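Order-wise, the sequence lines are chains A and B. Be aware that the first sequence starts at 3, since it is given in this note's numbering, and climbs by one per residue. Be aware that the second sequence starts at 3, since it is given in this note's numbering, and climbs by one per residue.
No wet-lab data here; the hints were simulated from the structure. Since the model is a prediction, treat every value here as computed from it, not as a measurement. Any given hint could be a false lead.
Just so you know, same-sequence chains aren't split out, so a pair can sit in one copy or run between any two.
As the list claims (entries may be wrong) - Listed next, the in silico DSS-like pairs over lysine-lysine satisfying Cα-Cα at most 27 Å (straight line):
(1) 295 - 252
(2) 294 - 252
(3) 6 - 30
(4) 158 - 32
(5) 6 - 252
(6) 6 - 76
(7) 292 - 6
(8) 77 - 150
(9) 77 - 6
Number of protein chains: 2
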Amino acid sequence: MVFKDKVVAAFQKIQDSICQGLEQTDGKGKFEEELWSREGGGGGRTRILQNGNVIEKGGVNFSAVHGKLPDAIKKSFKLESDDFFATGVSIVMHPNNPFVPIIHMNIRYFEMDDQTRWFGGGIDLTPHYVIDTDARFFHHLLKQTCDKFDASFYPKFKAHADDYFFIRHREETRGVGGIFYDKLKPENTGLDFDRLLDFSAAVGNTFLPAYTELIDRNRDTDFNTEEQEWQYLRRSRYAEFNLVYDAGTKFGLETNGRIESILMSLPPMAKWVYNYQAIPDSAEADTLSKLKKGIEWA
Amino acid sequence: MVFKDKVVAAFQKIQDSICQGLEQTDGKGKFEEELWSREGGGGGRTRILQNGNVIEKGGVNFSAVHGKLPDAIKKSFKLESDDFFATGVSIVMHPNNPFVPIIHMNIRYFEMDDQTRWFGGGIDLTPHYVIDTDARFFHHLLKQTCDKFDASFYPKFKAHADDYFFIRHREETRGVGGIFYDKLKPENTGLDFDRLLDFSAAVGNTFLPAYTELIDRNRDTDFNTEEQEWQYLRRSRYAEFNLVYDAGTKFGLETNGRIESILMSLPPMAKWVYNYQAIPDSAEADTLSKLKKGIEWA
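Chain A on its own, in the form it takes in the complex (with noise of 0.2 Å):
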């Protein structure tokens, strides 16, 4: 079997199992499928569950492409070939209880020949109200991930998550981080590629029993309007990091890629309040203290 095929079908059955539990934990909200395909070649499948009695809004979506890359990055890679493969699995979700986190997700591999490939990706947590017990409950999977690898993935890619989460225009993160990595490979890892494939497919095995967790703990907690409208205050930061910031983003709206599963990680309503002042003292105010680099959470 070819390496990539061999992604492609890791990346997929995660995919599954995934949308899968997500379905069980919601009980109610169910995915909805639309397979699309690439002028330039390849596709994806994007699955999207919306009004759930958890999840608000949310897409888990795969993609597998390939193609000639445009010119400037030939150039900029300094590549004899320009035929470039790319898979990945994305996930946003936005949950209706403004307790519940916001959770997003990455894997992704990239190919242009035996020299030039690698992995990336990256999984981070955005509570509305930081709950102390969750951060570190979450940090704590995901470092247990990490440390089955390599004992330094999780402090540097824990780093690599709050400084690439980073709203720079407010000066706060995303959230409470998580991890983030990109171009692994042999040579930067001491692990050759199926152990790479194994470590991938282990950040994304990570998702579902963090995220499961987190709803549970958290989907049956009462909450008040001034909550809800603290909760779309934070979607509205969310916006603003993505449109703003993330390079998936840029690239796929740069590249033309499929509009409607790039944006499925804008929240389903957001609000802009003009010169929002938490209480002092207050959750909110508290959550705002936490929105900081280099917390150890784990």
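Chain A is already provided as a structure; the job is to place chain B on it using the hints.
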């Protein structure tokens, strides 16, 4: 009087008269002012109106800032000096009623030295539902204002607006356009700077009669939940344009501008629905068919 002080005085007067006129038309909402100063030099008067009879959220902002240009910009201008001065008035209005359009206006003046200075600006209309007679009225007024100065202005600036206010990833214009111009100076217009200030002020003074008329025509139109949902969806496109493409927003975010003043343009509430499809022959489909470049409204 130094020229830039004349510009500042004219722009502040425009801000004052627009705020006064909008409050009168709205009948309930009052602008709240925040004065701010910038570390590098200068400052502004941010004026926000929220929860009015007609205007749900809107801002009429004046700023006049000065300081040292970032090195990269200095190099690209090939300048000896790096002292800049910039002043402008920026407006965005988000109305309650989906039949009242969103409107935006900006007039600005930039100066480095006697050789390097210019006026820029624009005004454009984003109806949630395109009403042909309103679009024609709006463009007719803009053409009238432009024609007083140069018959070539309206066609040139209208085409520029079509290109600028374009949501590339959606392949649709933000609304029915208007005018957009930049770097106007004697060399490329045949008008001296005093006359260009007159033009800039004339654009500024077109805002109030234009928007007041459009409000009065539509403020009492009944609307239902579906029409309001469509308004929220159009607002999410507006947020996409401003966060992904708008040059002023990008510049502000990259240069540590006053975030709340820059992002006052974002809607009070917006919705992202996955893969929305307008019903054929509906009012929504009609509007979508008119969100394209090159329609001669005047």
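Alpha-carbon proximity context of residue 77 and residue 150, limit 27 Å: neither (37 Å within a copy, 50 Å between copies)
Alpha-carbon proximity between residue 158 and residue 32, which holds within one copy, between copies, both or neither at 27 Å: neither (37 Å within a copy, 51 Å between copies)
Residue 6 and residue 30: within-copy, between-copy, both or neither at 27 Å Cα: neither (35 Å within a copy, 63 Å between copies)
Alpha-carbon proximity between residue 6 and residue 76, which holds within one copy, between copies, both or neither at 27 Å: within (20 Å within a copy, 47 Å between copies)
Alpha-carbon proximity between residue 295 and residue 252, which holds within one copy, between copies, both or neither at 27 Å: Both ways: residue 295 and residue 252 sit 23 Å apart in one copy and 24 Å across, limit 27 Å.
27 Å Cα threshold - placement of residue 6 relative to residue 77: Answer is within: at 24 Å inside a copy they meet the 27 Å cutoff, but 45 Å across does not.
27 Å Cα threshold - placement of residue 6 relative to residue 292: neither (40 Å within a copy, 44 Å between copies)
Same-copy or cross-copy closeness of residue 6 to residue 252 [CA-CA at most 27 Å]: within (25 Å within a copy, 38 Å between copies)
Identical-chain pair category, residue 294 with residue 252, by Cα at 27 Å: Cα proximity of residue 294 and residue 252: in one copy and across copies (24 Å, 23 Å).
Checked against the numbered hints above, the structure breaks hints 3, 4, 7 and 8 and satisfies the rest.
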